[in-house]
Amino acid sequence: MQFALLIFESPEAFAARNADENDPYLGAWRAYYKALVEAGIYVGGNPLQPPETGTTVRLKDGKRRVQDGPFADTKEQLGGFTILELPSLDAALEWAARCPAASIGAVEVRPVSPEYRRRVTG
Amino acid sequence: MSGSEQESTHRAIERVARESYGRLVAYLSSHTHDVGSAEDALSNALVAALETWPRDGVPQNPEAWLLTTARRSFIDLVRHWQVAEASEPTLVLLREESKDMTLSPEFPDERLKLLFVCAHPAIDPAMHTPLMLQTVLGLDAARIAHAFLVSPTTMGQRLVRAKTKIRDGGIRFEIPQERELPQRLDAVLEAIYAAFGIGWDDMAGVDQRGRDLAEEAIWLGRVLLQLMPQEAEVHGLLALMLHCEARRAARRGPDGGYVPLSEQDCQNWSLPLIEEAERHLDKASSRGRTGRFQLEAAIQSVHAERARSGGIQWNAIMMFYEQLMRISPTLGTRTGYAAAVAEAKGAEAGLAALDGIDADAISAYQPYWAVRAHLLQRLGKTPEALDAFDRAIGLAEDPAVRQFLLQRRG
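As given, the protein sequences belong to chains F and E, one line each in that order.
Under the numbering used here, residue 122 is the last one in the first sequence; the count climbs by one each step, no gaps.
Under the numbering used here, residue 410 is the last one in the second sequence; the count climbs by one each step, no gaps.
Okay, chain F solo, but in the shape it has when bound (with noise of 0.2 angstroms):
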């Protein structure tokens, strides 16, 4: 079955991004995304812009209501996903504990739904 790992980040975490090659955070990343596609479980995935960036419509009344930011208005953001075939959720919290982002931001399990991805594709 496939769990998406939604990762969450702090800020400092997304400033970590414009550091250069050697930044460890992102060598951590580096490897931790070798080791997903060497195991043979990595799906796909992609990495966020920051939050600022983010954008969130919402429809009230008939009327377009435009956000700026993300929605939720929380310390730490969603930086990513990244989606993987996995046997269980005790084998995706393992994953998940490797991640990056575990030790210092937060890193939710959530697995796919392909029975309502079914009923919306049809």
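Where hints are given, some of them may not hold.
Stated by the list, open to error - Going by beta-carbon spacing under 8 angstroms, a handful of chain E positions derived as facing chain F:
#1 Ser-363
#2 Ala-396
#3 Glu-397
As the list claims (entries may be wrong) - Reference listing, derived: stretches of chain F covered by chain E, where coverage requires no fewer than 3 residues with Cβ under 8 angstroms from a Cβ of chain E:
#4 30 to 38
#5 93 to 101
Said to hold, decoys possible - Derived pair list, reagent style DSBU-like, types lysine-lysine, alpha-carbon separation capped at 35 angstroms:
#6 F/Lys-34 x E/Lys-381
#7 E/Lys-165 x E/Lys-113
#8 E/Lys-345 x F/Lys-34
Source of the hints: derived by calculation from the structure; they are not laboratory data.
Model, not experiment: these values are computed from the prediction.
Even glycine gets a Cβ: it sits at the ideal position worked out from N, Cα and C.
With chain F's structure known, arrange chain E on it following the hints.
Using the frame of chain F, we list chain E on its own:
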């Protein structure tokens, strides 16, 4: 009652709970096999103690007080949960014993039976350790869940399921027969060591989750030794855990960075713990029956020797690993063996030993990649070394280990 008196009462309750928890649960559940109800009864008794002891003072025999109170609650619980007819003999038995209790505070220590039940072959091996931590030490599901990296709800459900199996599955509360004892004892030792070794790998690091459980595991090891003082492997397991525990402070540098075993400052090792470990290892070898835990403890003992001699006898370590490979050729053993070979005979030979390990088994095994990276680097095979470092870094969970490997990678 003054604040400090109150505090000392609370401490007394904590101490009795800690010392007696497993004995009381084991004793209460040995007839009914109903571990869950025994735990509930005991926690009711502890709540009652928190209410009455600060007011009336700590009783003369706190454990007997807890047992009497827990037993009353236990009878209610069992009556509530079981069909009255089926459990009647049990209830009569419990009531009879209840009368005796007032005469003698002594009751048999059934913890050994409980340990064997927790590690019974009919119970999912993954639940052996969590069951022991809960039923013998009284750890709550949330804390166990943390250590095992699952959600507290999930761990709670798994524990309940395992206890239902113990209650309804016909698992006997007994010490196994001579014939099956070695194998059954192995399962108990494995489960205790698993508590100690969660995420703890001597080559690659210190795991936060493991550190919390190390003391609990040593406590379990001491309980087991008290109950089976004749068994060489019980001594071996305790020796192994004490040797590792002795180095806890040395595993981190002043800046919080990871320090590998061979670079640790021996000044920071705990001499009393090392001496205690050595005493157990001596006792074990005097029994003349070698085993996995004694061999692993012997390897640690050679490392500890560095505090006295200043050097490491890698040949001795390699020999112990060779013996270990014959009885327990786990991934950890094979990786440790390769690391020892590299020190004793050179990096080429170590690498050859690593190459002998099945490629499928090591794709997510961090220590293998850490050792491989170091050996390739030593041989000047830079591109391959960088690749192996990346694998080791990507599989590391401890940020300090990750940092250490990133620095070594360069």
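Going through the hints against the structure:
1. Ser-363: holds (5 angstroms)
2. Ala-396: holds (7 angstroms)
3. Glu-397: Status holds, d = 5 angstroms.
4. 30 to 38: holds (count 8)
5. 93 to 101: Held - the stretch 93 to 101 of chain F has 5 residues with a Cβ nearer than 8 angstroms to chain E, which meets the minimum of three.
6. F/Lys-34 x E/Lys-381: holds (19 angstroms)
7. E/Lys-165 x E/Lys-113: Since the Cα atoms of E/Lys-165 and E/Lys-113 sit roughly 16 angstroms apart, the hinted pair holds (cutoff 35 angstroms).
8. E/Lys-345 x F/Lys-34: holds (31 angstroms)
The structure shown violates none of the earlier numbered hints.
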